[in-house]
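These protein sequences, in sequence, are chains F and G. Going by the numbering used here, the letters in the first sequence line up with residues 1 to 297, in that order. Going by the numbering used here, the letters in the second sequence line up with residues 1 to 297, in that order.
The hints are simulated quantities; they were obtained by calculation from the structure and are not laboratory data. Don't take every hint at face value.
The list treats identical chains as one, so a pair stands whether inside a single copy or across any two.
Claimed, not checked - Dumping the calculated DMTMM-like pairs for lysine to aspartate or glutamate here, alpha-carbon to alpha-carbon at most 20 Å: (1) K180 - E104; (2) K78 - E237; (3) K150 - E166; (4) K164 - D59; (5) K268 - D93; (6) K274 - E237; (7) K16 - E170; (8) K164 - D121; (9) K2 - D146; (10) K78 - E166; (11) K180 - E245; (12) K16 - E241; (13) K154 - E166; (14) K215 - E166; (15) K164 - E181; (16) K180 - E170; (17) K164 - E239; (18) K180 - E194.
Values in this document were obtained by computation on a predicted structure and should not be read as measured data.
Protein chains: 2
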Amino acid sequence: MKIFRAQFSGFCFGVKRAIKMAEEAWLANSGKAIYTLGELIHNPQIVAELKAGGIQSADRASELKDSIVIIRSHGITKAEKATLVANGNILIDATCPYVNRTHELISNMVAENYPVFIFGDKDHPEVIGMLSYGDEQSRVVTGQTDFNGKQFSKLSLISQTTQKPEAFTELASKLLPLCKELRVFNTICLATTERQQASGALASRADLMIVIGGKNSSNTRQLHSICKTFTICLHIETEAELDPERFAGVQTVGLTAGASTPDEMIIKVYNRIKEINRETDFARSIEQIPLFKEESC
Amino acid sequence: MKIFRAQFSGFCFGVKRAIKMAEEAWLANSGKAIYTLGELIHNPQIVAELKAGGIQSADRASELKDSIVIIRSHGITKAEKATLVANGNILIDATCPYVNRTHELISNMVAENYPVFIFGDKDHPEVIGMLSYGDEQSRVVTGQTDFNGKQFSKLSLISQTTQKPEAFTELASKLLPLCKELRVFNTICLATTERQQASGALASRADLMIVIGGKNSSNTRQLHSICKTFTICLHIETEAELDPERFAGVQTVGLTAGASTPDEMIIKVYNRIKEINRETDFARSIEQIPLFKEESC
């Protein structure tokens with residue numbers, strides 16, 4: 001069995017930065033209560049580790065008073081930020097700079113009186129945060145949104161950072177005939193695009209593709225949705241979810257991971273697959289490609 | 001034989017306005033030399049009539065000194081306007097307001113440092129005029145332009161007023177994946193869109209479609225290109241070009257005309273078709289629908 005890892009996979013810049021900021025906050029404030037508002041990143045295992053280290057996750061801004069609060073990588077709403085400040089909290093802003101950029105762009109578009117359409121998942125914290133920078137003309141849209149032939153003299157379109165670029169372009173193309181001016185901001189981050197392309201390329205020649213990352217992670221779910229168009233694909237959070245039966249007849253395994261998945265977890269999954277390969281009778285080959293010999297895809 | 005006229009066809013607002021301005025200039029300046037720089041509108045017959053009335057068409061701005069100069073409906077370049085002013089001419093600006101709007105938008109985009117891509121025919125006077133408001137980053141593009149995967153942090157796209165909306169949307173969709181921000185201005189005028197839709201709808205149920213207008217008229221050529229996808233289609237300037245042989249077996253004739261074609265010419269063509277129908281033996285029906293009973297298409 002051969003095991004390959006996608007050329008781009010795992011932690012992105014924004015997630016690394018958020019974890020580093022959390023660690024630094026923890027070191028600098030030994031013994032004090034530290035909170036994140038919502039989960040720092042969408043990885044339940046990392047969130048559990050942070051909790052064990054003393055960094056709690058709170059659900060509401062109003063619960064937090066006079067505390068050290070780390071703003072999660074996906075950002076929070078304008079109102080939540082105002083509440084945190086009003087309640088005397090010290091804020092450590094770990095919002096991904098690419099998410100912050102969407103807030104700036106939305107604020108600019110509102111100031112210039114452009115209705116803002118946000119392409120994304122309306123229930124995702126990042127999108128809820130983005131929408132809070134809009135005004136009464138702003139709304140969240142998807143590829144399925146029916147615009148009923150409405151006409152716009154001007155309109156702006158912006159994306160959640162972890163969406164699929166092809167789906168974003170498709171939506172923009174659908175809006176173009178309805179607008180006198182359409183201002184399209186492609187705010188899908190490079191890490192997302194690179195991970196999607198590398199994962200798709202690897203999936204296209206793997207018998208089985210394993211996507212590792214939080215079930216609540218938007219970018220991980222997108223990787224799963226792309227890879228499953230090429231081959232059999234499993235979305236797991238940890239190596240414990242691997243079922244040896246799924247490897248019957250498999251000669252090439254592809255590994256990829258969302259932007260909030262640490263290398264440690266990718267290595268655990270890799271080791272568990274090697275173990276399965278040794279344990280079972282059905283493996284036809286035991287050749288293994290070193291995990292970190294990256295694909296040239 | 002039944003003859004229908006497309007619901008929207010013939011003179012548009014900008015052309016009517018230009019001719020009215022030329023007539024008023026002629027009345028107000030009796031006996032003085034009046035010029036247009038380039039042809040006032042793209043209709044050789046109207047241009048010939050203007051010439052007979054004393055309104056000459058000049059090819060170069062530098063030829064005109066201390067004269068009354070009507071700026072044609074398609075607009076002129078920034079440099080030509082400056083030369084005309086410097087040479088002491090009195091300018092009567094008959095540039096279509098929708099074309100003027102493109103000049104404004106291009107100037108704004110240059111001021112905001114957006115490269116400007118102009119979708120259109122690089123040799124058409126309107127496009128040459130538009131480009132003159134751009135800067136060294138501005139260029140004329142078509143659906144065939146190869147962008148070689150070049151990436152743009154920001155870009156604006158604007159259209160010649162007489163292009164096909166579908167082709168413009170297609171080009172914008174091609175550019176979207178290359179841009180961090182794409183600002184699309186749909187400057188195709190409503191008269192163009194209405195004439196294209198009404199002509200296509202009529203052509204779809206005509207045995208023969210006649211498109212009337214200048215061979216040098218961009219919007220007339222677009223009508224011809226749309227209609228010929230539905231049925232046999234002839235592009236003529238005058239009724240003299242009608243060949244009776246082409247009406248053999250034809251039961252339904254559709255008439256449409258470009259934005260610079262006067263009603264007089266449409267009526268001449270209509271009368272000639274009626275005449276052909278009477279003259280020839282091959283007409284199977286002589287039923288005629290009044291020309292100006294408009295289609296509900």
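Using 20 Å as the alpha carbon limit, work out where K150 and E166 are close: within a copy, between copies, both or neither. between (23 Å within a copy, 17 Å between copies)
Same-copy or cross-copy closeness of K164 to D121 [CA-CA at most 20 Å]: Classified as within; 12 Å inside a copy, 34 Å across copies.
Give the relationship of K16 and E170 under a CA distance limit of 20 Å: within one copy only, between copies only, both, or neither. neither (31 Å within a copy, 39 Å between copies)
Up to 20 Å between alpha-carbons, please classify K78 paired with E166: within, between, both or neither. neither (30 Å within a copy, 40 Å between copies)
With 20 Å as the alpha-carbon cut-off, assign the pair K164 and E239 to within, between, both or neither. Answer is neither: 27 Å inside a copy and 55 Å across each miss the 20 Å cutoff.
State whether the alpha carbon distance between K274 and E237 is at most 20 Å within one copy, between copies, both, or neither. Close inside one copy (18 Å), not across copies (78 Å); limit 20 Å.
Classify it for me, K16 with E241: is the Cα-Cα distance of at most 20 Å met within a copy, between copies, both or neither? Neither. Shortest intra-copy (25 Å) and inter-copy (74 Å) distances fail the 20 Å Cα cut-off.
Indicate which option fits the pair K180, E170 if close means a Cα-Cα distance not exceeding 20 Å: within, between, both or neither. For K180 and E170, both the intra-copy (18 Å) and inter-copy (15 Å) Cα distances are at most 20 Å.
Up to 20 Å CA-CA - D93 versus K268, copy category: For K268 and D93, neither the intra-copy (31 Å) nor the inter-copy (75 Å) Cα distance is at most 20 Å.
Check K2 against D146 for me: Cα-Cα at most 20 Å, and say if that holds within a copy, between copies, both or neither. neither (45 Å within a copy, 40 Å between copies)
Is it within a copy, between copies, both, or neither that the alpha carbon of K154 lies no farther than 20 Å from that of E166? between (23 Å within a copy, 19 Å between copies)
From the Cα coordinates, with 20 Å as the cut-off, is the pair K78 and E237 best called within, between, both, or neither? neither (31 Å within a copy, 63 Å between copies)
When the structure is compared with the earlier hints, violations turn up for hints 2, 4, 5, 7, 9, 10, 11, 12, 14, 17 and for no others.
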